[in-house]
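Taking the hints into account, I'd like the entire structure generated from these sequences.
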Amino acid sequence: MAQVDSRPADAPRADYDVVVIGAGIGGLAAGALLADAGARVLLVERQAVLGGYCHSWYRKVKVNGDIHKFRFDAGAVEFSGAHDGGTLSVLFDRLRVRERIEWLRCDHTYRIGQTVIRVPPDWRDYVAQLGAAFPHEVSGIAAFFDAMRQVAESRQWLAAANGGIARQARTDEERARFQREHAFAAKWVDRPVVELLAAHVTQAAARTALLRLSHFLTADMHTLTVGNASNLYRFYFVGGYYPRGGTGLVANTLADAIRERGGHVMSRTEVRRIRLEGGCVRGVVLDDGREIDADIVVSNSDFRRTFGELLPADALTPDLRASVEGMRPTASGFTVYLAMDFVPTGVRSYTVDGSYAFHIPSLLDPTAAAPGCSVFEVRTIFDKTDNWFCGQEERSLNAWRKSPEYALRKRRFGDWLLTRAEGLVPNLRKHILYRTDASPLTYARYSHASHGALYGWTGRPGAFDSGCTPIDGLYLVGSSALGAGVEGAVISAANAADAILPGLLSCGTRFPAAGAPAANIDGFPDLRGTVPAFSS
Numbered sequence: 001m002a003q004v005d006s007r008p009a010d011a012p013r014a015d016y017d018v019v020v021i022g023a024g025i026g027g028l029a030a031g032a033l034l035a036d037a038g039a040r041v042l043l044v045e046r047q048a049v050l051g052g053y054c055h056s057w058y059r060k061v062k063v064n065g066d067i068h069k070f071r072f073d074a075g076a077v078e079f080s081g082a083h084d085g086g087t088l089s090v091l092f093d094r095l096r097v098r099e100r101i102e103w104l105r106c107d108h109t110y111r112i113g114q115t116v117i118r119v120p121p122d123w124r125d126y127v128a129q130l131g132a133a134f135p136h137e138v139s140g141i142a143a144f145f146d147a148m149r150q151v152a153e154s155r156q157w158l159a160a161a162n163g164g165i166a167r168q169a170r171t172d173e174e175r176a177r178f179q180r181e182h183a184f185a186a187k188w189v190d191r192p193v194v195e196l197l198a199a200h201v202t203q204a205a206a207r208t209a210l211l212r213l214s215h216f217l218t219a220d221m222h223t224l225t226v227g228n229a230s231n232l233y234r235f236y237f238v239g240g241y242y243p244r245g246g247t248g249l250v251a252n253t254l255a256d257a258i259r260e261r262g263g264h265v266m267s268r269t270e271v272r273r274i275r276l277e278g279g280c281v282r283g284v285v286l287d288d289g290r291e292i293d294a295d296i297v298v299s300n301s302d303f304r305r306t307f308g309e310l311l312p313a314d315a316l317t318p319d320l321r322a323s324v325e326g327m328r329p330t331a332s333g334f335t336v337y338l339a340m341d342f343v344p345t346g347v348r349s350y351t352v353d354g355s356y357a358f359h360i361p362s363l364l365d366p367t368a369a370a371p372g373c374s375v376f377e378v379r380t381i382f383d384k385t386d387n388w389f390c391g392q393e394e395r396s397l398n399a400w401r402k403s404p405e406y407a408l409r410k411r412r413f414g415d416w417l418l419t420r421a422e423g424l425v426p427n428l429r430k431h432i433l434y435r436t437d438a439s440p441l442t443y444a445r446y447s448h449a450s451h452g453a454l455y456g457w458t459g460r461p462g463a464f465d466s467g468c469t470p471i472d473g474l475y476l477v478g479s480s481a482l483g484a485g486v487e488g489a490v491i492s493a494a495n496a497a498d499a500i501l502p503g504l505l506s507c508g509t510r511f512p513a514a515g516a517p518a519a520n521i522d523g524f525p526d527l528r529g530t531v532p533a534f535s536s
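Numbering (UniProt numbering), first residue to last: 1 to 536.
Source of the hints: derived by calculation from the structure; they are not laboratory data. Just so it is clear, CB atoms sit at the ideal spot from N, CA and C, and this is done for glycine as well. Accuracy of the hints is not assured; some may be wrong.
[What the hints assert, rightly or not] The calculated lysine-lysine pairs, modelled on DSSO-like cross-linking and capped at a C-alpha distance of 30 Å, are: (1) Lys69 <-> Lys402; (2) Lys62 <-> Lys402; (3) Lys384 <-> Lys402; (4) Lys402 <-> Lys430; (5) Lys62 <-> Lys384; (6) Lys430 <-> Lys187; (7) Lys384 <-> Lys69; (8) Lys384 <-> Lys60.
[To be verified] Simulated restraints on C-beta separations: (9) Lys384 <-> Gln203: 21 to 31 Å; (10) Ser403 <-> Gly503: 30 to 40 Å; (11) Pro121 <-> Glu291: 44 to 54 Å; (12) Asp383 <-> Pro502: 38 to 48 Å; (13) Gly113 <-> Asp93: 42 to 52 Å; (14) Pro512 <-> Phe413: 47 to 57 Å; (15) Lys60 <-> Arg177: 48 to 58 Å; (16) Pro502 <-> His222: 35 to 45 Å.
If you want it as structure tokens, here you go:
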């Protein structure tokens, strides 16, 4: 593990203590926690807007002759861990910014064939409701929920001793204790959830309902482990939430926390290379050639980009190189964003037969749309993305992205999604004031994720729970560390910060006095409300 101050005492200080690559939630949370502990932090983001898949963008639309602003969410639509004592609440309490975000409790509705299930806020009522819908599965449904509750609670067993942040067992003693105290979870946590479900429930429609939230993490529920499924079940047990003001408020709040603690945030700037000396991190090289010194780099970048592009080839061991080359991106998706001239009645979030979903954030937070109007987002996810990229790498896609063939493909797919949605919202197209579509190319362009992957990578060489890597001074956060989801990104960020500065979470350890703050080499321009539409 890299030391906080590994240079000799008489050596000149680095420009920064920590450079964070990427302003996804993992990078922002790690940067904020380390800045709060006294580190001199520089965060570098290639886009104009912060947050990765957790950012908001705006469009001015004419409504009855007047111009109004509509707000859309790029990726994240709902957050776990925002309840009292949850991961996000612990983070924002620690940073003393919790009062800046008002969390709104979300609801779900599922349609499975002709069966419509409106999920009540209390999970016990939901168990009863599912039992009524599938009377032959009453006992199995209750047993499956109990199993998910046991595993979900076991995932938090070390949180109290870790500053309120969940983490995995890391020592032989901790692993043995987990086996003793959480025998059921230990048996099932890494096995496919479909196996556990099959042990309790036989009816296909009931199984589908019980794994309806799997689309938050994967396009194929058969790849979902019991442990990750139990994380999703926490949406039922403790609730899912949406921040009033849009998902971008979460990213902006964390960025403000970095700045307020003397850190710097650069946008429209890309890290081209991580500098190593003697196998240890010594800083980064930016796209304009500037070299930034730092003994610690936290990468919130795509896992394969971090190891395959930012590091020299000889920095990887043969085993690690083989693992990186063998990985595959997870599912990507497609979204149609609409500003509508009416307010739909009914539910905010509707998932239909697992094939697509629509979300109406303005029903929960009316500030997203003009009075009497709404924001309507139709989404789907899928594994096969090759036909969107035509076998090209992202850096060579500009010509394809601007071609009539790509525009036609995107428009046709978006039209297909709207046709599906009109089965539940008749005459939807007649009410459209504004439309833009996001394809896998869009997700790749804005997140810098290979092939627009929404959930990181398959075949990662181990779960980097602590963020540590084989490279001294290099840490990973975000989906490359623990997998998809905002709460998972925060957990990975907090544990990486604690690995960099042991005791940060449990007892508030601080960086050694760093002297004068580093000179700001570029400020982050305040672009909220003026960023480009999330489309390509």
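Cross-check of the supplied hints:
Restraint check for Lys69 and Lys402: the C-alpha separation of about 27 Å stays at or below 30 Å, so the hint holds. For the hint linking Lys62 to Lys402, the alpha-carbon distance of about 27 Å falls within 30 Å, and the restraint holds. At roughly 21 Å between alpha-carbon atoms, Lys384 and Lys402 fall within 30 Å of each other, so this suggested pair holds. As the CA atoms of Lys402 and Lys430 are separated by approximately 28 Å, the hinted pair is consistent with the 30 Å bound.
Distance check on the hinted pair: Lys62 and Lys384 sit about 37 Å apart at the alpha-carbon level, beyond 30 Å; violated. Between Lys430 and Lys187 the alpha-carbon distance is near 53 Å, which puts this suggested pair outside the 30 Å criterion. For the given pair, Lys384 sits about 35 Å from Lys69 by alpha-carbon distance, which is inconsistent with the 30 Å threshold. About 34 Å separates the Cα atoms of Lys384 and Lys60, which puts this hinted pair outside 30 Å; it is violated.
Look at Lys384 against Gln203: about 29 Å separates their beta carbons, and that is inside 21 to 31 Å. The hinted window of 30 to 40 Å between Ser403 and Gly503 is violated, with their beta carbons roughly 54 Å apart. Checked against the hint of 44 to 54 Å, the C-beta distance between Pro121 and Glu291 comes to roughly 53 Å, which is consistent with it. Against the hinted window of 38 to 48 Å, the Cβ-Cβ separation of Asp383 and Pro502 comes to about 40 Å, which satisfies the hint.
For the pair Gly113 and Asp93, the beta carbons lie near 44 Å from each other, so the given range of 42 to 52 Å is met. At about 54 Å, the beta-carbon gap between Pro512 and Phe413 stays in the expected band of 47 to 57 Å. The hint said 48 to 58 Å for the Cβ distance between Lys60 and Arg177, and at roughly 57 Å that hint holds. The hint said 35 to 45 Å for the Cβ distance between Pro502 and His222, and at roughly 39 Å that hint holds.
The structure shown violates the earlier hints numbered 5, 6, 7, 8, 10.
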